[in-house]
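Q: Listed below, chain by chain, are the residues.
Number of protein chains: 2
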Amino acid sequence: MKLKEIGEDRIIKELSREFSRRHRRLVKGIGDDTSVTLQAGGRHLLATTDILIEGTHFKRGWTTPYLLGRKALSISLSDVAAMGGEPLFYLVSVALPPDTEKQFLDELYRGLSDCGKEHGAVLAGGNTAKTKGAVMVATTLFGEAPAQETVYRSGAGPGDVIYVTGCIGDAALGLRLLKKHGGAALKRTAFRKPVMRQLDPSPRMSVGRSLARKRLATAMIDVSDGLVLDLKRLCEAGAVGAVIDARRVPLSAEFKRLFPAAGTTDGIRRALTGGEDYELLFSAPEKAAKKISALSSRDVPVTPIGVITRSKDVCVTFTAGRPLKISRAGFEHF
Amino acid sequence: MKLKEIGEDRIIKELSREFSRRHRRLVKGIGDDTSVTLQAGGRHLLATTDILIEGTHFKRGWTTPYLLGRKALSISLSDVAAMGGEPLFYLVSVALPPDTEKQFLDELYRGLSDCGKEHGAVLAGGNTAKTKGAVMVATTLFGEAPAQETVYRSGAGPGDVIYVTGCIGDAALGLRLLKKHGGAALKRTAFRKPVMRQLDPSPRMSVGRSLARKRLATAMIDVSDGLVLDLKRLCEAGAVGAVIDARRVPLSAEFKRLFPAAGTTDGIRRALTGGEDYELLFSAPEKAAKKISALSSRDVPVTPIGVITRSKDVCVTFTAGRPLKISRAGFEHF
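Residue numbers (this note's numbering), protein chains in the order written: chain A, 1 to 334; chain B, 1 to 334.
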């Protein structure tokens with residue numbers, strides 16, 4: 001059987017079932033945003049690894065080495081944010097063709113370094129390797145959280161409100177603009193915001209950490225592969241379902257302006273399944289609503305979009321409460 | 001300037017100088033076998049990342065997915081051994097073409113898992129990604145050691161004896177046999193030992209840990225890129241030099257039998273610069289000789305091969321104490 005016929009989630013699930021082993025210090029292995037390991041001092045060590053491959057995750061003509069470095073770390077930071085943790089250190093492996101200009105690597109590391117500085121993460125090691133093929137950047141990030149504060153994907157209970165940070169769909173729109181206009185899209189002022197949301201996502205460290213510290217979120221995940229797909233993962237982990245109202249999912253002014261079908265079912269479908277938003281999707285008891293709205297800001301709004309249900313289904317309503325059929329919930333890695 | 005014109009060591013050094021930052025919990029970042037971070041409970045967390053790329057580090061026809069998985073973890077384990085640490089957890093990223101058979105990934109993970117079990121390391125997470133290009137396996141391993149026991153590359157003092165575990169040169173011989181005979185070399189009984197030393201190296205966890213626990217080694221590194229090159233790294237880190245006697249460097253019976261030039265300067269040069277032995281190279285005070293020889297076994301001999309000097313040069317003697325000229329100290333990654 002071929003990988004593309006199975007799909008990433010099932011592959012990971014099967015690998016996890018087959019190869020996960022118990023260890024007194026492994027709190028959470030495969031199947032969450034980061035692994036969680038108990039440090040000697042009682043704090044959770046959070047570790048996550050991500051990989052960006054040329055031709056799969058980026059095109060050299062559509063980005064810059066600097067932005068590539070930033071993104072490589074941001075997507076790992078987003079995973080740590082989704083656990084409610086604080087980032088600490090990161091390791092990087094870069095594979096490049098031997099005739100690559102040194103400047104490429106410098107710029108890439110500068111992107112990593114700047115992004116790390118903004119969020120308090122420090123480069124702790126790494127290596128470079130030669131490849132005849134695609135450029136590749138693999139990042140491993142360690143973070144930590146007090147053991148009692150870590151927020152898992154599981155934990156959502158029926159009646160909990162579902163929230164999402166920021167706006168959804170801009171990263172997918174940015175990708176669309178890059179596909180249509182190539183690298184030129186980077187230079188068009190009107191396209192800048194969605195294109196940068198695709199190339200330089202903002203991990204929501206502060207909201208993630210606050211939710212954890214105040215013990216407000218019952219479950220959390222970052223939106224990497226599409227809101228609907230990641231919501232399904234959160235629901236599956238908690239053995240619950242969800243109903244979300246697509247009209248409440250926040251869309252940016254740029255999305256509404258630049259995406260011709262923004263207000264239609266096609267438009268909302270694309271926003272909900274596009275992926276790479278790196279926003280936080282979480283559930284919280286209804287009684288936490290006031291404290292959660294206090295975390296909402298103009299830059300990073302926190303918006304209630306639905307509710308956790310007892311059924312195992314994830315249902316999206318759009319016009320007049322009618323369910324919106326979504327055949328492809330998000331980005332499948334194979 | 002192109003990467004291949006600079007060389008990996010200089011690239012890493014420059015990146016380290018430019019991008020390393022201080023952090024109260026980062027004990028050692030770039031420039032050693034693993035990063036060292038202080039855990040909350042006072043133990044060092046050791047973390048290392050490695051990457052195997054098809055066409056650069058392996059050929060699919062020359063190995064099996066199972067052996068590839070084993071090697072991906074073994075080379076990281078060897079790094080933790082070289083710090084005197086114990087392995088704990090690992091993360092894996094695998095990039096594969098979408099039409100890869102699922103069995104390939106299963107076998108790869110089985111190799112990882114079996115190797116992990118043998119050394120007490122547990123899979124803690126990972127991901128898979130699609131690539132149109134080369135197959136790639138990136139491993140991140142965490143280990144730990146009591147803070148006062150961690151062994152660094154630096155620390156060798158003039159007069160210290162230089163030791164190496166196991167035999168040197170078999171992995172290079174194995175590669176030579178694979179280049180000559182292709183995958184068929186895997187099946188030839190006479191070739192099996194050196195070929196398996198290339199495809200399935202044995203990290204020296206037990207010797208590494210014992211040296212650390214008993215505080216015998218003043219400096220340590222694993223032999224990944226060639227004994228001479230890695231000895232140069234150890235000397236540079238400690239601002240010392242070394243003289244080693246090539247005739248004392250242990251060669252296996254297979255090396256002597258299968259490598260026609262084994263007894264010549266060409267033969268010894270290849271053994272000393274071939275790389276991928278994943279043996280431990282360390283220095284220790286002369287007075288520790290007895291305790292160190294107690295760690296030596298038939299399977300994993302520990303052999304004194306030279307001495308640390310005050311000069312900054314690394315000198316290899318062969319016939320009658322005459323220096324052996326070595327133009328290429330080991331494997332350069334670019």
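Among the clues, some could well be false.
Since the list gives no way to pick out one identical chain from another, each pair is judged satisfied if it fits inside one copy or across any two copies.
Unchecked claim - The list that follows gives simulated cross-link-like pairs (lysine-lysine, DSS-like), each with its CA atoms no further than 25 Å apart:
1. Lys-180 x Lys-132
2. Lys-102 x Lys-287
3. Lys-59 x Lys-290
4. Lys-130 x Lys-180
5. Lys-102 x Lys-193
6. Lys-130 x Lys-59
7. Lys-214 x Lys-287
8. Lys-59 x Lys-132
Source of the hints: derived by calculation from the structure; they are not laboratory data.
Q: Against this structure, judge whether each hint is valid.
A: Quick rundown of the hints versus the structure:
no., hint, result
1, Lys-180 x Lys-132, "between (28 Å within a copy, 22 Å between copies)"
2, Lys-102 x Lys-287, "neither (54 Å within a copy, 46 Å between copies)"
3, Lys-59 x Lys-290, "neither (43 Å within a copy, 58 Å between copies)"
4, Lys-130 x Lys-180, "between (32 Å within a copy, 23 Å between copies)"
5, Lys-102 x Lys-193, "neither (29 Å within a copy, 39 Å between copies)"
6, Lys-130 x Lys-59, "both (19 Å within a copy, 14 Å between copies)"
7, Lys-214 x Lys-287, "within (13 Å within a copy, 57 Å between copies)"
8, Lys-59 x Lys-132, "both (16 Å within a copy, 13 Å between copies)"
In summary, the structure is inconsistent with hints 2, 3 and 5 from the numbered list given earlier, while agreeing with the others.
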